[in-house]
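Asker: Sequence:
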Amino acid sequence: MDYMITTEDGKKLVIENGNSSDSKKRIAVYYNALIQHNSKSENSQTKKTIEYVVGNMDEDEAIELEKDIIKNDSGYSDLISSRSAESFSKRMMAYMNKIKELSQNQKKLSEPMQEMVDKYKKYDFESIVKEEINGNEFSYKKDKFPIEQYRQELAEMGNKSKGNKWFVSVSSDGRLVIY
Numbered sequence: 135m136d137y138m139i140t141t142e143d144g145k146k147l148v149i150e151n152g153n154s155s156d157s158k159k160r161i162a163v164y165y166n167a168l169i170q171h172n173s174k175s176e177n178s179q180t181k182k183t184i185e186y187v188v189g190n191m192d193e194d195e196a197i198e199l200e201k202d203i204i205k206n207d208s209g210y211s212d213l214i215s216s217r218s219a220e221s222f223s224k225r226m227m228a229y230m231n232k233i234k235e236l237s238q239n240q241k242k243l244s245e246p247m248q249e250m251v252d253k254y255k256k257y258d259f260e261s262i263v264k265e266e267i268n269g270n271e272f273s274y275k276k277d278k279f280p281i282e283q284y285r286q287e288l289a290e291m292g293n294k295s296k297g298n299k300w301f302v303s304v305s306s307d308g309r310l311v312i313y
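Numbered according to the working numbering, the sequence shown terminates at residue 313, and the numbering increases by one at each position without gaps.
You may find that some hints are simply not true.
[To be verified] The calculated label-pair distances, taken between Cβ atoms and stated as ranges, are:
#, residue 1, residue 2, range
1, LYS224, TRP300, 33 to 41 Å
2, ASN298, ARG217, 32 to 40 Å
3, PRO280, LYS224, 37 to 45 Å
4, ASN177, LYS299, 22 to 30 Å
[Claimed, not checked] Taking lysine-lysine pairs in the DSS-like style, the calculated list, with each CA pair at most 30 Å apart, reads:
#, residue 1, residue 2
5, LYS255, LYS278
6, LYS159, LYS182
7, LYS174, LYS242
8, LYS159, LYS296
9, LYS278, LYS182
10, LYS276, LYS253
11, LYS241, LYS256
12, LYS275, LYS294
13, LYS182, LYS253
14, LYS296, LYS278
15, LYS299, LYS242
16, LYS159, LYS201
Read the hints as simulated data drawn from the structure, not as lab findings.
The model shown is predicted, which means the values in this text are computed figures rather than measured ones.
A virtual CB, placed ideally from N, CA and C, is assigned to each residue, including glycine.
Please build the complete structure, drawing on both the sequences and the hints.
Answerer: Set out below in structure tokens:
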């Protein structure tokens with residue numbers, strides 16, 4: 135799906151064949167670079183948190199967030215429109231390395247993600263399993279959720295609706311919890 139954005143400096147930018155997967159990858163790289171731009175070394179927990187948050191966005195959320203980034207950070211739009219053979223990640227890191235201090239817009243863009251990074255500072259992302267069952271993605275804690283016991287019930291959800299993302303667990307009284 136193509137979409138056009140007007141940047142803060144009035145330029146028209148067309149994102150060709152933009153899809154949520156591409157947008158999510160760019161957004162994750164952007165926020166990782168933005169939040170860690172003054173760090174001497176990359177914090178892997180920060181990167182995992184950003185990937186987790188961005189990865190759980192739906193297609194519309196990802197596209198809207200990318201539009202917001204483009205409107206508020208002209209450097210980002212320049213990176214997207216660049217035809218350089220260098221990877222987007224490398225171009226983003228080079229861009230962030232040139233910045234001594236974040237602009238007000240960049241600070242504003244980073245605040246909600248920084249809150250999530252702070253919230254998930256000690257979260258064990260390695261314990262989360264994502265599994266596609268009959269057209270839906272289910273996430274669960276691998277040592278706390280008996281997936282085989284509920285697989286049929288989760289598969290039946292795909293008969294009614296597909297393309298959804300759910301987190302599943304078992305309540306203290308043994309009932310299946312889906313959210």
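Asker: Of the numbered hints stated earlier in the document, which are not met by this structure?
Answerer: none
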